[in-house]
Structures are given as structure tokens and as C-alpha cells.
Amino acid sequence: MESFHHRWRKFVNALMQVLTCACALLVVVPLCLVFYHVLKSGLGSVNWAFFTQLPKPVGESGGGMANAIVGTFELLGLAAVIGVPVGVLGGIFLSEYGSLRLNWAIRFGADVLNGVPSIIWGMVVYAMVVLPLKRFSALAGGIVLGMIMIPLIMRTTEEVLRLVPNGYREAALALGIAQWRTILQIVVRTALKGIVTGVLLALARVAGETAPLLFTAFGNRFWNHHLSDPIAALPLQIFNYAISPYEDWHRQAWAGALILLLFVAVVNVGVRVLTRDKFSPRR
Amino acid sequence: MNTAAEKRVQARPGVVFPRAIGDRLFKWVTLLMALSVVLLIVLIGYELAHGSALALRKFGWRFLTTSDWDPVNEQFGALPFIFGTLVSSAIALLIAAPLSIATAVFLTEIAPYWLRQILTIFIELLAAVPSVILGLWGIFVMVPWLREHLFPWLRGSLGFLPLFKGPIYGVSMLAGGIIIAIMILPIVTSVSREILRSVPGLQREAAYALGATRWEVTRIAVLSYAKKGLFGAIILGLGRALGETMAVTMVIGNTPQIAASMFAPGYTLASVVANEFTEATSDIYLNALFEIGLVLLGLTVLVNALAQLLLLTFSGPRAQA
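Chains A and B are the protein sequences, given in the same order.
Heads up: the first sequence begins at 616 in the numbering used here, then just goes up one per residue.
Heads up: the second sequence begins at 1042 in the numbering used here, then just goes up one per residue.
Note that these hints are calculated values from the structure, not bench results.
C-beta atoms are modelled at their ideal positions from N, C-alpha and C, and glycine is treated no differently.
Only true hints are included.
Covered stretches of chain B, going by a simulated chain A footprint (3 or more residues, C-beta under 8 Å): (1) 1079 to 1086; (2) 1167 to 1180; (3) 1247 to 1256.
Could you build all of it, start to finish, from the sequences and the hints given here?
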């Protein structure tokens, strides 16, 4: 014979389990909706011209975002040149050298930097690069994305290097190998997959950044021929087309969103499938 | 352990240059790179303060307390933007915090193992959706739906409150809050999940041993133990919410006003910079926008530092972007 109290507890238990499950489903709903609509509206608008042609002038339909797709990859390349060496080497320092207190401070600083809104990075680079050169440029766009990547990569690199057992380091040092070579050839190489994962995730993250590019890379309706000229980027183009009044541009914005979303999703899922071992960033 | 890398090292015992130099050089290079973090922090602070010097001098504290935003007459007050940022973030937290923590509980305490993995991947994917794409979806899918369905219903049932009165445009403070909530759900969920996972198993076992049901175990042994960490996760979400730019700009309506109704359009600090920065024609206008950036930076750094400290004091788990 169950008492009322006992039944009540069981009821609350079941209720809360159902409620938390419902919440979890609710969290997934927006993702599914976004993917659904981007796929639906994007697939109808993607065509060959989208990948090969420049944007058409206002009023003419058709054209594509070839310059923006190439531009995004150019910007990512520039960003990687800045963000990867600084981030990885800084991560090595945090994991292999330094004192407890100094590293705590740097780590704290990196985490705070990771929380700085990306639009603020844009303003900083505007003041630093765009104003002195008196022009919006691909260079400024690359610099701002690179800066955003530095603290991201530093933290993931540090995390994966810490997963390398100390025995590896001790064994190498005991063989008389210099510490810097131990780090580069034993420690970093062991964790290389994890470091690359971190870099790819950081690239995927900045690939979608729009706000910092608004007043650095600025956007361009034509091909970019020089680093000191403005350059088109996929997220910028999506934004400009989305808030425009033209039906045809909306269509193209969805197509651009589809390409960008696929790129980001493939990198995110891809690295996770490829690096299912213990030397990967903790998720 | 006998990796290829090690064999190569053994095969070449001679070093190219004296090891002491190599060691020292490498250490200094990595130190320099790590210190770039400090450089970046100083740089951000300096450039924003320098860029807004004119406005700082001209308006002083008035900048924060007046609500004229009139570039033509060069009068600038940031109050509507501060209001918009705080209110939209508060709406976002009200929606996202309970949902995220409930989801984290489901993920760590209740769901079967296979479901945990699938849901985790979904949540990570949601975190990866670029802001501008969410904004695009917001403009063309969410806002029309809110305008046709949710908002009229809210006005019908809760219209006696000033919060839900007034004309419905679709683009609104509430729409901005909802889109921010979607953006911060993943980070709050995944940080909360890490925190719940770091609650020792003994805590749970002790509660089970007393005959508690699964929910009671969660409530007594897990949630109360992790309170501080979960609070940190929410504050971290707040930090992200304050700085959200693109998606919000696309759905909040971009009207600098302070309205009681959640259906009225608003404007945030980040949005005004995004919209007006390239149009700023006069020096003082640009300076005012830099000062807006300074205010936003101050808010986010303060909130983020608080979140990090809360998460650090809670045994172990570190917040990740």
C-alpha cells in the first residue's frame, strides 16, 4: 500500500524528467528550423552562376557571389597567418612553461578576450589599420579575424597539450633531447590532431563573423585585386542582401547562407568525427 | 612508446645549435606570443578610449544619462542603447537560463547515453550557426511568425500589462531578446553540462542510498552542489548576450527609444555601432560611437570577468568559447 506522500514523490520525479526532456527538445527546435529554412530557401536559389559570377547591378536579376566566396577564403587565409602561430605558440607556453600565477593571469586574460564582442574588435582594427591607411582593406579584415582567433586557439592548444602524459616529456628529456625539441617533436606531435582541430574550429567560427568585417573588409561588389582594397565576404554579402528591399537579393542571401552554413557545419561535424581520440579538445 | 618522431630524434643526436640557446630562444618566443593576450587587452582599451576622447570630454557623464541621439545637431546620449542592450539581454536570460539548465540536467542525469551524444552534437551545431544566418532566419521566418501568431496571442491574454500593450510591428525588443536567447542557449547549456558532470558521483550515490528518487537526487545532491557554477554559466551567457550584434540588429527594429512595451522596436549598443559606424561623417559622431563601444566593452568585460571567477572558484571546469 503506497502512501500519498510516496506517490506524490514518484509523480514529481516523473514530471520533472518529462519537463527536462521537453526543454532539451525545445532547445533543438530552433536549430532544426534554421536548417530546414536555409535548406529549403537556399537549395532553390543555388545555381552554377552563384559560384561563378559577380553580383549583378541593382535591378538586374541573376549573378552570383563568386567574389564573396573567394573573399571569405582569402580572409581566412590572412587570419590564419596571424592567429595560428601566435595562438599555438602562446598555447605551448601556457602548457609547458611559466609559473602558476603568470599562466593563470594569461589564461584569465584569454578567456576575457574570448568574451569581447566581435564588433569591438572591428572598431579597434578600424582605428589601428583603416584610419592610418585611410581605406578599408582586405588586410584589415584579415587582421581582425586573426586577432579574434588568437585567444581561441591559445586555449584549445593549451588544453590538448596538457592531455599529453608527462611521461612522454620525461622520457625524451632523459634521452638528452633539448627541451624545445622535446616540445616540438614529441609533445606537439602527439597532440597535433587536437591542435589542428582547435585551429579548424576557430576558422569555422570566424568564417561566420560579420560585425568586425563591416568596417574593416567593408565588402566589394567586384573582385579584390590587392590586399589594400576592400574585399567581399560571404557573411557581409548575406547581411547586405538580407536587409535590402529586393526579392532577388533575398533569394541570393539564402543561397549564401546555405553555403556558409554547410561550410561551418561540415567543419564542425567533420573534425569531431575525425578526431575521436584522447588528444582532442574537450567539448 | 616508440613513435616515428622519437626515432628520428634519436637518429640525430647532434643539435644544430647549442641547446641552451635553442631552449632559451624558444621559451622567450612562446612567452612573447602568450603575452600577446596582454597586448591585445591594452590595445582594445587604448584604441577605444583614444577614439572616444572627444566625446568623453564634451559629454562627460551626460552621455550615459541622456537619450537624445541626434547626429545632425551633434547631441549624443546613449541611454536608449544601454536600455535596449540591458532589456534584450534580460529577456534572453529569462528564456535561456531555465531552458539551458534543464537541458543540461537532462543531458547529464536523465537521458540515455545514445541520446546524450546526439543532443550534444545538435547543441554544438547550434553554437556554430553564424549570427548573420540566424538573423536572416529571424527576419524572414521568426519575425513574421511572431507578428501573426505569438504577439497577438500574448496581447490577447496578457494585454492588461503595459509590457504587452501597443501596436505590433514584429521587429521588436521581444524579437531581439528571443534571437539572443537562441544564440546563448548552446554556451550556457554546454558550460552547465560540464559543471554538472564535475559533481562527484559520491554525492549522487549518497542521496540514492537515502532512498531519494532520481529528481530528488538531482535537486538535493547535484543542483544545490553546483549552484555557484551554474550561476557562473548564466553570467557567462549574459556576457555573450550583451555583445550579440548581427542577429539582433536584424530583428530589433533599430529605433532609439525607451518604451515600456516589449512589442516596441528598440536599439542596442552593438547594433548602433554596426549600423552607423560607416555613416559617421563628423569627428564627434565617430567619437560618440567609439564611446558606445567603450560602454559595451566595460559591460562585457565586467560580466565576463565575474563569470570566469565564479567558474574558476567552482572546482575546476573552465569556460570555453
